[in-house]
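Peer 1: Residue numbers (the working numbering), protein chains in the order written: chain A, 5 to 268; chain B, 2 to 275.
Honestly, the hints are just simulated from the structure, not real lab data. Here the structure is a predicted model, which means the values were calculated and not measured. Glycine included, C-beta positions come from ideal geometry on N, C-alpha and C. Just so you know, not all the hints are guaranteed correct.
To be verified - Coverage of chain B stretches by chain A, computed from C-beta distances (three or more under 8 Å per stretch; other residues unrestricted):
id: 1; segment: 53-61
id: 2; segment: 93-99
id: 3; segment: 106-116
id: 4; segment: 120-126
Unchecked claim - If the Cβ cut is set under 10 Å, some of the chain B residues that face chain A in the computed set are:
id: 5; residue: Lys70
id: 6; residue: Ser103
id: 7; residue: Tyr150
id: 8; residue: Pro151
id: 9; residue: Trp152
id: 10; residue: Ser155
id: 11; residue: Ala163
id: 12; residue: Arg166
id: 13; residue: His170
id: 14; residue: Leu176
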Amino acid sequence: MTVSRKSLLRLCLIVASLLVWEAAVRLFAVPVFILPAPSSIAMALYRGTVSSLYIDNLGVTLVETVLGFAAGTSLAFILGVAVALSRRTEYYLYPYIVMFQSLPKVALAPLIIVWFGLGLTSKVINAALIAFFPLMVNTIVGLRSADEDRINLMRSLDASEWQIFWMLRLPSALPFIMAGLQVAMIFSLIGAIVAEFVGATSGLGMLIQSLNFNADIAGVFSILIILSVLGLILNQIISVVRRRVLFWDPSEKAAADVTKGGMP
Amino acid sequence: MTSTGRVAADEGRVAPVSAPVIAVRRLGKSYETARGPVVALDNIDFTVGEGEFVALLGPSGCGKSTLLKILAGLLSASSGEAVLRGTVIAGPRRDIGVVFQSPVLFPWRTVLANVVLPADVQRLGREQHRRLAMELLDLVGLAGFEHRYPWELSGGMQQRVAMVRALIHDPAMLLMDEPFGALDAMTREQMNLELQRIWLERRKTVVFITHSIPEAVFLADRVLVMTPRPGRIAEIVPVEIARPRPLDVMNTEAFGASVRRIRAHFSAHGGLDA
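This is chain B alone, in the form it adopts within the complex (with noise of 0.2 Å):
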């Protein structure tokens, strides 16, 4: 890492090398309850470029889930705005992929057709989108699975279908709930890896929530990282390490660097996973 790296990061605002694909301006979001109204999200400020990998790190109810779904147009914002490719988001839209934290796979529809649900939904071209299928699921290593059913699959493969499911329609940017949370820890670094050679390849737009540390500063060009309650972005750290960054990148002192760097927001309020 060069001085000069560190200097701008320091600042919290490396502007994207193009033009920003996200742009997320003073964004609020609260709920009326009984005991009176809870502030989920507080002036949430950033933006992601063309090809950026952003990772949004926090712990439980720091309200990252909440800004994915503003983001996902699922839920509206109370306050600000969130806009992709010079559009507010103002509901579902079709040129954003979105992974959940479960597979979310219809189990009466084989890997191809789990896969080619929203060229469905969205009335594409059918036949187009299997052989773009059947491409994407090469490029995961599901090639001659497509026509198992998800049930027939481990955990781990089926995260993946619900990447490539994510990537078929081509959106202009991917968001990724916490996807391998639910994986046992093996499992979760062999996907970091392939998730990191797909972005490679694809150079997709990606927003990319967790709760790990090393999982964002692992995959991510930056890392916001937010606090909660009411859920702030604390500060945005610049991960600039090469790529592609083997496994072992976690033992370098340019990674323990960053994760240090991190932790210490955390240290007075705990509960987050190292």
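Next comes chain A alone, as it looks inside the complex (with noise of 0.2 Å):
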């Protein structure tokens, strides 16, 4: 079959499903607040995006995920840099590194809420805690990982710690750092949300919790097409640069898309 016929027959089973799904829900009368038809999500989606009320929300949670992400990876990046150099870094921050990677770090978000407020603060901060250890436990495997003969080739040019580091020690991680950075990319956006649950003035989060409240089922659902579609978005992104940063890894081709497991 030719990947225009497949295509197009993966397309008609998506409009058969939908189809099925309205039929369905008008059928046996399904209550517009358990499940609402395809119709409805749709009607919610543009009634919604028309009135800026989604658009806002969007520009909101946009920037928590972002800052979040921008913090928190740069953050987790050099505390990488220091543990996977120094031993003695990696020995007296090790105790917190093992008792903060065991804990769901979701969990904290009501702490964070009293002690940050409602306001944008408190979102970036829950969203850069669970973009963080991605990025550090990558950033950390992947500087190590640098290849022996590499490392004594270097060595025998009467390369600086500092040279190795850069021109071969970096490199060699990136590998790491890119997949690192996938992940966090979608968990800055999974903090993000869980802390609008927890609190928020604004915010997609924010909205689902109060659509939810007020019985608009439609309304709850074409937040989450907006939100699935910001995830892919984003993870398109960082897809994009990796692709273009390490195009020299052969396993960059046969590489998996890390997020493909779903989000916690």
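Both chains are sitting in their own frames, so use the hints and assemble them into the complex.
Peer 2: As structure tokens, this is what we get:
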């Protein structure tokens, strides 16, 4: 079967399943507060979008996610480098790393809201906290993965530790760092939404809470669609960067999408 | 081969024509292990003259890689010393080029950028070394490949890039650690011819480690035969076969005689490739 025929068939299947869903809801008169029909979800999506309600809240969540990602991953990178390059730093930081790594970070969200309020700060901190670990762990593993022969080559050329870091360890770590960034991006979005659930005045997470409270399930579904599109776009951005940075990595062609396992 | 040459050779101390570039004196290396000290190298003594090609030959575990690491300044000796151009090798130095068993190229650098790595590390002029790199790539038949990446090249081509990289900063000595060991037999022969051609053109001082007797005899001016446990130099065998040596020199009597003489050291030990 040709590619175009396959993709046509796939599209037909999607349309058919939406039609079945629509028909089932109408036929069995499923109440709209249990399961809305695709047409009601589309209507909710349309109304929310034109009233700028969705766009404004999407903007809030996006800013929280991106700032949290930037803060969390920068800190994770710096600490990851410090731990990977210095056994002493590792020794002193190790107990904290182990304790935080085993803790489900989302459980900290209520505390963070108490400490940092209902505004932007608490969301950014929560997003940063969740994005932090995947990148830090990958940075450490990546920096330590540099090939022994290549290190010997650099040493034999009388390279300084600094040169070995920039010219060898860091490039060798890039496949791990890019994979970590990809996970961290999606984790930041989760962090922002969870913090909004716990306490917020704006954002898509807050909107889901309030629509749910008003039994506007079609509205909730429409936000879920927006969130999954947002996640997809953020993930694609990192994917594009990753492919450009790691053009030389043979595993890149075969690399599975690390976020395919879904979100925690 | 003349009879006088044979006599000098049998003494095992063929003085290099010029002053030695490398002088290794009573060098020893031992490791502490859980079961007590292990002597990897014992009382190694040899010199290498300017522009000489010396092969260090021995089976696995005879300490030849340890010796190379000491010469490269990557390991320190337990006793004795290795002197390069008058100064003791006490750590990595800038006047040594090393070719390892695998090409050890950086996949994110182009062929040209890989070749100029030593110049980058040692902050030598980049432009000038770029030109030199192009010349050397041309010498090894890789002209036109300078903007390719290592993963686009065959194993033999990658090892040639590694050779060029080891030559780019004009080192006083070239150390080669079984550089063709990972290549198939046919490519290996071609690389031996290629290395001989490059060496005849550049006349670098080379210390070449191998466990192949024919490879050592084919390439070297002198073969330092090492025996294991502890690593010692059993004999220094001069190879007086005119250069350039074609591949079919391997079928000559002179070649066979050298191979037999070296193999005699291992017949009791075994474990060496022919």
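Peer 1: Next step is simple, just say for each hint if it's right about the structure.
Peer 2: Verification of the hints:
Counting residues of the segment 53-61 of chain B whose C-beta sits closer than 8 Å to any C-beta of chain A gives 0, which falls short of three, so the coverage hint is violated. For the segment 93-99 of chain B, the assignment as covered by chain A holds, since 5 residues bring a beta-carbon within under 8 Å of that chain's beta-carbons and 3 suffice. By the rule of at least three residues with a Cβ nearer than 8 Å to a Cβ of chain A, the coverage given for the segment 106-116 of chain B holds, with 3 such residues. Counting residues of the segment 120-126 of chain B whose beta carbon lies closer than 8 Å to any beta carbon of chain A gives 3, which meets the minimum of three for the stated coverage.
About 8 Å separates the beta-carbon of Lys70 (chain B) from the nearest beta-carbon of chain A, less than 10 Å, and the hint is met. Here the hint on Ser103 (chain B) is kept, as its CB sits about 6 Å from the closest CB of chain A, short of 10 Å. Taking 10 Å as the C-beta contact cut-off toward chain A, the hint placing Tyr150 (chain B) at the interface holds, the least distance being around 6 Å. For Pro151 (chain B), the shortest C-beta to C-beta distance to chain A is roughly 8 Å, which falls under 10 Å, so the interface hint holds.
Interface hint at Trp152 (chain B): satisfied, since its Cβ lies 6 Å from the closest Cβ of chain A, which is below the 10 Å cut-off. Look at Ser155 (chain B): its Cβ only gets to about 15 Å from chain A, farther than 10 Å, so that hint breaks. Satisfaction of the interface hint for Ala163 (chain B) is found here, the shortest Cβ-Cβ separation to chain A being roughly 9 Å, below the 10 Å cut-off. With a cut of 10 Å, the hint placing Arg166 (chain B) at the interface with chain A holds, because the nearest CB-to-CB distance is about 9 Å.
A distance limit of 10 Å between C-beta atoms decides the matter here; for His170 (chain B) the minimum to chain A is near 8 Å, and the interface restraint holds. At a threshold of 10 Å, the smallest CB-CB gap from Leu176 (chain B) to chain A is about 8 Å, leaving the interface hint in force.
Hints 1 and 10 from the list above are not met by this structure, while the remaining hints are.
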